[in-house]
Amino acid sequence: MSKKPKVIPPSTKPKTNPGTYSVMLTGYTKPQFAHNAGKAGKAPIWRFDYWAVDNPKIVKAFQIEMDLDVCKKKNEKDQSFYMNELAKEGVKSLEKDAKTVNVVSVWKE
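Under my numbering, think of the first position of the sequence shown as 32, with each following residue one higher.
Heads up, a few of these hints could be off.
Said to hold, decoys possible - Calculated lysine-lysine pairs in the DSBU-like style (CA-CA distance at most 30 Å, straight line):
1) K70 <-> K119
2) K130 <-> K105
3) K103 <-> K119
4) K130 <-> K108
5) K91 <-> K119
6) K104 <-> K73
7) K70 <-> K127
8) K104 <-> K70
To be clear, the hints were calculated from the coordinates, so they are not data collected in a lab.
Taking the hints into account, I'd like the entire structure generated from these sequences.
Printed below as a string of structure tokens:
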């Protein structure tokens, strides 16, 4: 006969991934990329949601305005990579305990 597992009450349950966050693109203004922004006369703004992996029910958000001087000569893939890197840094600047930030790429309109 096997032993019963020891149940840890929620208040004393250790965090499994302290300092680990996920960030996901959840929206953007038109135009989405820098090469179309000159015609539109405004820089794209991307909206990101983020959450602690240990507590995914609390979702926070922030926006990043694309730097056209940096992005206008990059292709769309490189612009996306650049914005994702900025999003990781954004989470780290907003959450002082953030050690690891992972970009989640699943988003549906």
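Verification of the hints:
The hinted pair formed by K70 and K119 meets the criterion: a straight-line CA distance of about 29 Å does not exceed 30 Å. Proposed proximity of K130 and K105 is supported: the alpha carbons are some 29 Å apart, at most 30 Å. Between the alpha carbons of K103 and K119 the distance comes to roughly 21 Å, so the proposed pair stays at or under 30 Å and holds. Distance hint between K130 and K108 is fulfilled; the C-alpha atoms sit about 26 Å from each other, no more than 30 Å.
With a CA separation close to 13 Å, the supplied pair K91 and K119 stays within the 30 Å bound. At roughly 16 Å between alpha-carbon atoms, K104 and K73 fall within 30 Å of each other, so this suggested pair holds. Under the criterion of a C-alpha separation no larger than 30 Å, the hint pairing K70 with K127 is inconsistent with the structure, at around 39 Å. For the proposed pair K104 and K70, the alpha carbon gap of about 15 Å is at most 30 Å, so the pair holds.
Figure legend: structure checked against the earlier numbered hints; the only hint not met is number 7.
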